[in-house]
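> The primary structure of each chain is shown beneath.
Protein chains: 2
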Amino acid sequence: MDWLNAVKWDAQGLVPVIAQEQATGDVLMFAWMNREALQKTAALGRAVYFSRSRNKLWFKGEESGHVQQVHDIRLDCDNDVVLLKVSQLGHEPGIACHTGRHSCFYQRHQGGQWVSVDPVLKAPETIYK
Amino acid sequence: MDWLNAVKWDAQGLVPVIAQEQATGDVLMFAWMNREALQKTAALGRAVYFSRSRNKLWFKGEESGHVQQVHDIRLDCDNDVVLLKVSQLGHEPGIACHTGRHSCFYQRHQGGQWVSVDPVLKAPETIYK
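Order-wise, the sequence lines are chains A and B. The opening residue of the first sequence carries number 53 in my numbering; numbering runs sequentially from there. The opening residue of the second sequence carries number 53 in my numbering; numbering runs sequentially from there.
So that you can see chain A by itself, here it is in the shape it has in the complex (with noise of 0.2 Å):
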């Protein structure tokens, strides 16, 4: 596993991700992974994170059914920050979100403000039960 060893993991045994939609390019979402999480996305070619809030494996879609099936994993110059290129799966268009959204980055910044330019695909209420 000398390629897990290649990864600088964080003080907390972390690594940040990207996401990337493969046939649209559009960046999906932003998450963490520790070792095992990255482990078990290449080995299972779907993307399993590490959720902090609730420290433990988070296999992305495992409540909403918005799978991220996983085409090539990247690392950058200094072996600190994963990207992902995915597709979205579940919907169609392909739901990140947990608001119901495409992309977690909806959130435009003009006139001094931020404002939300993405539409809804989904209720979130209908998504999560």
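Each hint can be trusted.
Some chain A residues judged to face chain B by a derived CB distance under 7 Å, without partners named:
hint : residue
1    : Val79
2    : Leu127
3    : Cys156
4    : Gln159
With a straight-line cut-off of 20 Å between C-alpha atoms, the simulated EDC-like cross-links for lysine to aspartate or glutamate are:
hint : chain 1 : residue 1 : chain 2 : residue 2
5    : A       : Lys174    : B       : Asp130
6    : B       : Lys92     : B       : Glu114
7    : B       : Lys174    : A       : Asp130
8    : A       : Lys92     : A       : Glu115
9    : B       : Lys108    : A       : Asp130
10   : A       : Lys92     : A       : Glu114
11   : A       : Lys108    : B       : Asp130
Think of the hints as simulated: they come from the structure by calculation, not from any bench. This structure is a prediction, so every number in the text was calculated from the model and none was measured. For every residue, glycine included, the Cβ atom is placed at its ideal position computed from N, Cα and C.
Dock chain B against chain A, hints included.
Okay, now just chain B, sitting in the frame of chain A:
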């Protein structure tokens, strides 16, 4: 400066930032900003990060000339990650990485190893004099 107060700064007063090339959708790099860096980024329309290693503001391109023109600033659903849409200036195609590559994410996981799959576009020793 309500929009700056809306950001959930971490214990070090920082927020993670993803820079994405507007024209191609390529994820170029990952860095950090403090409050002043984000304020200057918005005011100047160019990326200003906070260098954790040098503990000071980092005007991207200040040494290399590889400035990032900022078109769009996004905030995620938890208000704790920023996404920039940029044009990577100073070289064609753009060079965001200190290794002289287009993107920092040039190491690909394949066959249980990290393999460098993207070319060096300009030798670093000719970028940083």
